[in-house]
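Please build the complete structure, drawing on both the sequences and the hints.
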Amino acid sequence: MAYLKTLARQQGWHDDLKHPTEESQMTRITVTVDDVSYTDEVEPRTLLVHYLREQLGKTGTVVGCDTSNCGACTVHLDGVSVKSCNVLAVQADGSTVTTIEGLATDGRLHPVQEAFHECHALQCGYCTPGMIMQSIDLLRDNPDPTEQEIREGLEGNLCRCTGYHNIVKAVQYAAAGGAK
Amino acid sequence: MTVTDERPATKEVGSRRTRKEDQRLITGRTRWTDNIQLPGMLHLAMVRSPFAHAKVLSVDTAAAKGAPGVMGVFTGADLAETQGANINAWPITADQVTPTHLPVVVDHVACAGEIVAVVAARSAAAARDAAELVDVDYEELPAVLDMKEALTDAVLAHPDLGTNKSAFWTLDSAEAGTGADVDEAIAKAREDGIVIEREYRQQRLIPAFMEPRSTVVDPTGEQIVIWSATQVPHILRFCIAATTGIPESKIRVIAPDVGGGFGGKLQTTPEEFATLAVARKLGKPVKYTETRSESLLSGHHGRDQWQRLTLSAEKDGTVTGFKVELLADLGAYVAIVGGGVPVLGAWMFNSIYKFPAYRFTVQTILTNKPWVDAYRGAGRPEATFGIERMMDELAAEVGVDPLAIREKNWITHEEFPFTTVAGMTYDSGNYEAATARATELFDYDGMRAEQRRRRESGDPVQLGIGVSTFTEMCGLAPSRILGQLNYGAGGWEHASIRMLATGKVEVITGTSPHGQGHETAWSQIVADRLGIPFEDVEVLHGDTQIAPRGLDTYGSRSLVVGGEAVVRAADKVIEKAKPVAAHLLEADVADIEFTDGTFGVRGTDKGIGIADLALAAFAAHNWPDGLEPSLDAEATFDPDNFSFPHGTHLCAMEVDTETGATRMRKYVCVDDVGVIVNPLIVEGQVHGGLVQGIAQALWEGAEFDDNGTLVTGSFVDYTLPTAADTISFVTDHTTSPSTTNTLGTKGVGEAGTIASTPAVVNAIVDALRPRGIHDVEMPCTPERVWRAIRSAGADSAGAAPSAAQPHFDESEGDVQ
Ligand code: FES
Ligand code: FES
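Listed in order, the protein sequences are those of chains V and F. Note that the numbering used here gives residue 90 to position 90 of the first sequence, counting from 1, and the numbers run on in steps of one. Offset between the second sequence (1-based) and the numbering used here: plus 180.
To be clear, the hints were calculated from the coordinates, so they are not data collected in a lab. Predicted model, so just to flag it, every value in this text is computed and none were measured. Virtual Cβ for every residue (Gly too), placed ideally from N, Cα, C. Errors might be hidden in some of the hints.
[What the hints assert, rightly or not] To spell it out: a stretch of chain F is covered by chain V in this simulated footprint if at least three of its residues, at any positions, have a beta carbon under 8 Å from a beta carbon of chain V; those stretches are:
| no. | region |
| --- | --- |
| 1 | 427-439 |
| 2 | 735-742 |
| 3 | 869-881 |
Below, the structure is given as structure tokens:
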């Protein structure tokens, strides 16, 4: 049994669940997500991504791994991109979170969303929320990146479908101001 | 009646339409299976075996059952009556040895990660906590992990079967009457020609789609509804009905948004069956979503072959025979396609070439590792790798350019249709044209000149140029051929078209896209066919209740087979509408012509639009006698033949001879996939395919320790390429329309993956060949390249030590 548990931990099956729940204390947090303020009770071990998906129904943000490698869960925390599987919900207390669902304003797509569509930078779309959030962050830091800078800036986000070619093009397209 | 023609000026087919699917996906308005929440839904966690081979002596579930929020804990014994089985649909021989594959094991574990018990609880967290409390008593058994060792049967993966050998399958051109005897050709070449003998390793890969698999089962209605992250909702429904006894009519399977598959979701999984069984036991909706680590461990793997290859040729490089002997690891069970995966390679090892003699054999083997099944290309990448590596070896032996040796042996464009030595008839192709375009885009002569300069100057960073001219068989598959091969289903596809009263059109397809863009491409096809706006077409799929007939998406079949079904359904709509148009226009039906969405009367300016006819059908106030008031139509298309896309891929790799590090300089591919419906989508398929194939060459491999534990069990260790590892590609197309379907399409889903692996490895070997190196085992990591360079002086055969398995009897002849 001990071996099984060790293996399970090594394999990461239970990574997000370090301790049994019996007496878990709840913590109250207040977070603004996509322009709405929420006050909720969360378990201390709850990851931000699970809080977003399960408590707030923000299922636009997804989970692709259990080792913080894939970037599918990327959101903006106080304006900076983070992997929301790598942040506890309690750490977001008092903060502002933007997810893929909060990017479009007044029915208008964010220019990076538009660029992903125009450049066919998505196929299955599973990596897309994280890719878009990371690309926005990259362009904020570096509005005129080279191809290599784009590639390095997206290194923490995995895509299995596109081969990255069109994702790089989309970031270039957005950097150049879209269709104009 | 007004004459309406809202058809856009440009033809839809061939235009770079951006995708309809994107709007939801880029705004997070998605329906992944894991997003689904139902009232009263319970969550599952799996208790998995840490041992590769063990007897389950007892399972103590008491502590887990008492844990907070736990609604039930089920062992294999608890579910034995109802859980069904994971079946193999393609027994490749009549006497194939096929172990029973139970979703939740009862007493025998055959690989690490198998499910031993299932915990159902209020939340996923509670279920996982309780899973840790399940106490399983195992008796560990010796495990067989290496397929060559497995051949000896010294240790058995399934002791009750008495052997690890599952099946032996042969395609012999002399026996089939499609060519000469390969042994004679080889014997002759040993006298006065060239014989090249090599053994290549196709390492085990993991499909690693980005969306982990997830299943939700709702048993509360009259029909059981199953949502699953699957490529094959129709096949899943059939397999559930066939093995659990639930009437097929009581099962509805939905594949909602599915985040990639690449063959990895072409499976019916133990997790799907276990989730169904528990939902039925508890009478509650139940969800199971795997973690990434579970996905890598317990989803099926791909490739995993040893290829023993013998090529005979005349001194000038004209190939006279090719013998292929494969060992293929099936893992612990024969999965749904199973041994059919290597068998699909049987018609592809001869590739684009005119070989007079050919024999293909495969021995499939059972081991105590996770099962192996389709992964992008399924059998065809392995075959293409084998032959394209061999053609480079032959070129080196003859002393000519790798392109020249290919040209000497390939089928010329005047020779189509061409029946190959493996018995396939290639309908169309033009290898010369694709190669000419690729060499031009690549600046082939310029790159060769740079390579010479670097060689002459002794540059520590050498340049290698890799060639891969490939073909594949797509459009799976003619049902008659599948029947001859003993496959358990047909290969047809179904479509129907519903003409709505408001002028909108619903297209229902039996394909099940998960990133391929069928909603966009099918809309383009129907818009052209019916002369209606692209925007007015809605494509419905992936739900057995909405699309009741279908065989799903894999094997680059969707457009070639499914798209043709759509075309035929549309044509039936037009045929149905003609007498109605004649009736309403008071004309003779023979005078009705359909162009651009309008039924006109020949020689007049009278006409009626197809949308108006749909409205007329809805009202049915004025309808011809004896006709049913409907324009809806459906079609089932069963192809006569496969389709054969091809292409020429050229890759330049820089190899640092001091460190073994490699860097891709340039990659050009010119693919002939027949007529292209949407170039934007096709390019995307090619890019993604290329990177998966390149990843096999350079980075990926499933590795196990001596106990059979997967050590590449997370994304930390199973290294998918990132944006920073890859480059931008140069892609282009030549077009030889397929003659086997109306649109002339050939399929593109797997092309990039099939072609790119040998292109990259050929480039690396090309860079190192002057050092006497003729192989580097995949993945060609810097360490392996470095070792190859280091050992090159010592090993006159010139292969890296890890690659050169002693296997050929030296007395058989010259080993090149
Ligand atoms: S889910 Fe957060 S990095 Fe993979
Ligand atoms: S679009 Fe499928 S993983 Fe990126």
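Against the structure, the hints:
Counting residues of the region 427-439 of chain F whose beta carbon lies closer than 8 Å to any beta carbon of chain V gives 3, which reaches the threshold of three, so the coverage claim holds. Coverage of the region 735-742 of chain F by chain V is violated in this model, with 0 residues showing a Cβ closer than 8 Å to a Cβ of that chain against a need of three. For a cut-off of 8 Å, the count of residues in the region 869-881 of chain F with a CB near a CB of chain V stands at 4, and the three-residue condition holds.
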